[in-house]
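So the sequences go chain by chain: D and P. Position one of the first sequence corresponds to residue 55 (our numbering), numbered consecutively onward. Position one of the second sequence corresponds to residue 55 (our numbering), numbered consecutively onward.
It cannot be assumed that every hint is accurate.
One copy or two, either will do: identical chains are not told apart, so a pair holds if it fits within one copy or between any two.
Restricting the straight-line Cα-Cα distance to at most 20 Å, the calculated cross-link-like pairs of lysine-lysine (PhoX-like) are [said to hold, decoys possible]:
| id | residue 1 | residue 2 |
| --- | --- | --- |
| 1 | 233 | 77 |
| 2 | 224 | 57 |
| 3 | 78 | 261 |
| 4 | 78 | 57 |
| 5 | 78 | 233 |
| 6 | 224 | 116 |
| 7 | 224 | 178 |
| 8 | 233 | 116 |
| 9 | 224 | 78 |
| 10 | 57 | 116 |
| 11 | 77 | 178 |
| 12 | 178 | 233 |
| 13 | 224 | 125 |
| 14 | 167 | 57 |
| 15 | 57 | 261 |
| 16 | 167 | 78 |
| 17 | 116 | 71 |
| 18 | 71 | 261 |
| 19 | 224 | 261 |
| 20 | 77 | 125 |
| 21 | 178 | 261 |
If you are wondering where the hints come from, they were derived from the structure by calculation, not from laboratory data.
2 protein chains.
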Amino acid sequence: MTKQDILAAYAFRHACKAFNPEKKISADDFDTILETGRLSPSSFGFEPWQFLVIQDEVLRDKILPIACGQKQIPTASHLVITLSRRGETLVAGSDYLLRFMRETQQLPEEVVKMRSDFYAFFQKELFKLEGDEARIAAWAARQTYLPMANMMTTAALLGIDSCPIEGFNKAELEALLAKEAGVDLNTFGVEHMTAYGYRAGEPARVKTRRTTEEVVRWL
Amino acid sequence: MTKQDILAAYAFRHACKAFNPEKKISADDFDTILETGRLSPSSFGFEPWQFLVIQDEVLRDKILPIACGQKQIPTASHLVITLSRRGETLVAGSDYLLRFMRETQQLPEEVVKMRSDFYAFFQKELFKLEGDEARIAAWAARQTYLPMANMMTTAALLGIDSCPIEGFNKAELEALLAKEAGVDLNTFGVEHMTAYGYRAGEPARVKTRRTTEEVVRWL
Numbered sequence: 055m056t057k058q059d060i061l062a063a064y065a066f067r068h069a070c071k072a073f074n075p076e077k078k079i080s081a082d083d084f085d086t087i088l089e090t091g092r093l094s095p096s097s098f099g100f101e102p103w104q105f106l107v108i109q110d111e112v113l114r115d116k117i118l119p120i121a122c123g124q125k126q127i128p129t130a131s132h133l134v135i136t137l138s139r140r141g142e143t144l145v146a147g148s149d150y151l152l153r154f155m156r157e158t159q160q161l162p163e164e165v166v167k168m169r170s171d172f173y174a175f176f177q178k179e180l181f182k183l184e185g186d187e188a189r190i191a192a193w194a195a196r197q198t199y200l201p202m203a204n205m206m207t208t209a210a211l212l213g214i215d216s217c218p219i220e221g222f223n224k225a226e227l228e229a230l231l232a233k234e235a236g237v238d239l240n241t242f243g244v245e246h247m248t249a250y251g252y253r254a255g256e257p258a259r260v261k262t263r264r265t266t267e268e269v270v271r272w273l
Numbered sequence: 055m056t057k058q059d060i061l062a063a064y065a066f067r068h069a070c071k072a073f074n075p076e077k078k079i080s081a082d083d084f085d086t087i088l089e090t091g092r093l094s095p096s097s098f099g100f101e102p103w104q105f106l107v108i109q110d111e112v113l114r115d116k117i118l119p120i121a122c123g124q125k126q127i128p129t130a131s132h133l134v135i136t137l138s139r140r141g142e143t144l145v146a147g148s149d150y151l152l153r154f155m156r157e158t159q160q161l162p163e164e165v166v167k168m169r170s171d172f173y174a175f176f177q178k179e180l181f182k183l184e185g186d187e188a189r190i191a192a193w194a195a196r197q198t199y200l201p202m203a204n205m206m207t208t209a210a211l212l213g214i215d216s217c218p219i220e221g222f223n224k225a226e227l228e229a230l231l232a233k234e235a236g237v238d239l240n241t242f243g244v245e246h247m248t249a250y251g252y253r254a255g256e257p258a259r260v261k262t263r264r265t266t267e268e269v270v271r272w273l
């Protein structure tokens with residue numbers, strides 16, 4: 055892997071507003087994208103996310119008006135909605151987290167105890183989250199941007215386009231997913247969507263960014 | 055770039071808790087890491103972040119007790135603190151955003167107008183952020199996890215270790231950076247740190263994750 059390969063992927067990636075609906079991402083490529091989402095880091099390793107891949111056209115048609123009619127939604131090869139975990143499952147000492155540390159993270163019992171204590175301290179002392187499910191949910195929501203970034207970067211490394219989407223009515227999309235897909239809104243909320251596919255045309259404008267001097271400060 | 059190269063980087067990356075203090079990242083490699091942070095996407099492309107690279111040992115010593123004495127901080131080759139933008143600069147129609155769209159994004163005046171209107175709509179109707187600087191700040195904070203993920207992934211692609219750090223007292227670190235580095239807390243808050251370097255030893259445990267079936271749902 056050369057630096058040039060990496061930077062070329064960043065030059066390639068842009069918020070692709072319209073995909074070629076005829077050109078589909080191979081199952082193998084899309085599995086690689088999902089896999090880098092799955093392997094992304096998160097605070098405490100609690101992976102507070104769930105990825106819904108929306109391929110059903112009828113469901114996409116229902117999402118479209120909730121998302122300002124953005125044409126990435128019908129034209130994407132694959133459309134991912136990322137849910138973030140919320141509610142009592144993320145409260146320190148919850149059955150869910152204890153089981154997660156034991157079964158998924160395979161931690162020995164003394165480490166489960168130690169991490170539970172540190173997580174409680176973290177919630178109470180550092181983030182002042184104790185007893186405030188809305189703020190715990192906000193902390194979990196931030197984590198979901200890690201797999202989002204990684205999945206878009208993986209796509210770009212594979213020559214696949216993407217578009218991150220936050221422009222939708224969150225409450226309406228949550229209600230739709232509860233109704234149509236049985237999403238439990240006590241446990242999950244919608245954070246963002248990302249559309250993947252192949253661009254229908256070249257980007258309308260060149261990528262702009264603040265200069266390194268404006269963004270980075272050495273101390 | 056093969057899928058194997060990408061997935062190998064994800065297998066390599068782990069939350070490295072202690073770095074070899076003798077082994078420094080080359081300037082060229084670290085510039086590449088920073089560059090992928092700089093080129094990361096953000097909502098509206100507003101790049102609501104700033105990267106502080108903390109190389110001063112005296113400053114790191116002052117950060118250490120605020121961050122639970124985590125030994126990544128003194129041993130890291132490079133330590134990045136990410137600030138997120140907040141306050142009135144992010145309110146729709148602010149002078150900062152108008153100048154950003156004109157000068158950084160180089161948008162023609164009619165697009166500046168259109169985007170300003172959509173951003174105002176987005177804040178008011180979709181995220182219900184209007185007039186609530188705390189919630190605008192939370193939205194900006196989420197964006198900073200995109201460059202964080204990308205920078206750690208770039209490091210891993212280059213064979214460089216990293217550790218994301220949220221475990222610190224935010225208020226104390228902000229006060230320290232205001233005092234020692236002149237950070238304007240009306241405009242920036244601290245979100246997270248990431249330590250970069252080369253591992254002192256192999257990871258204590260194997261990477262665990264929920265299975266694909268637990269994480270992904272196709273609809």
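Now for the hints, and whether the structure bears them out:
1. 233 / 77: neither (31 Å within a copy, 54 Å between copies)
2. 224 / 57: Neither: 38 Å inside a copy, 34 Å across copies.
3. 78 / 261: Neither, since 25 Å and 32 Å both go past 20 Å.
4. 78 / 57: Between copies only: 18 Å across chains, 28 Å inside a chain, cut-off 20 Å.
5. 78 / 233: neither (28 Å within a copy, 53 Å between copies)
6. 224 / 116: within (14 Å within a copy, 41 Å between copies)
7. 224 / 178: between (28 Å within a copy, 13 Å between copies)
8. 233 / 116: This pair counts as within: shortest intra-copy Cα distance 12 Å, inter-copy 52 Å.
9. 224 / 78: This pair counts as neither: shortest intra-copy Cα distance 28 Å, inter-copy 45 Å.
10. 57 / 116: neither (42 Å within a copy, 34 Å between copies)
11. 77 / 178: This pair counts as neither: shortest intra-copy Cα distance 49 Å, inter-copy 36 Å.
12. 178 / 233: neither (35 Å within a copy, 26 Å between copies)
13. 224 / 125: Intra 18 Å, inter 40 Å, cutoff 20 Å: intra-copy only.
14. 167 / 57: neither (42 Å within a copy, 38 Å between copies)
15. 57 / 261: within (19 Å within a copy, 26 Å between copies)
16. 167 / 78: Neither: 47 Å inside a chain and 35 Å across chains, both beyond 20 Å.
17. 116 / 71: within (19 Å within a copy, 46 Å between copies)
18. 71 / 261: Close inside one copy (14 Å), not across copies (36 Å); limit 20 Å.
19. 224 / 261: Neither: 28 Å inside a chain and 33 Å across chains, both beyond 20 Å.
20. 77 / 125: within (15 Å within a copy, 49 Å between copies)
21. 178 / 261: This pair counts as neither: shortest intra-copy Cα distance 42 Å, inter-copy 27 Å.
Going down the numbered hints, you'll see the structure goes against 1, 2, 3, 5, 9, 10, 11, 12, 14, 16, 19, 21, while the others check out.
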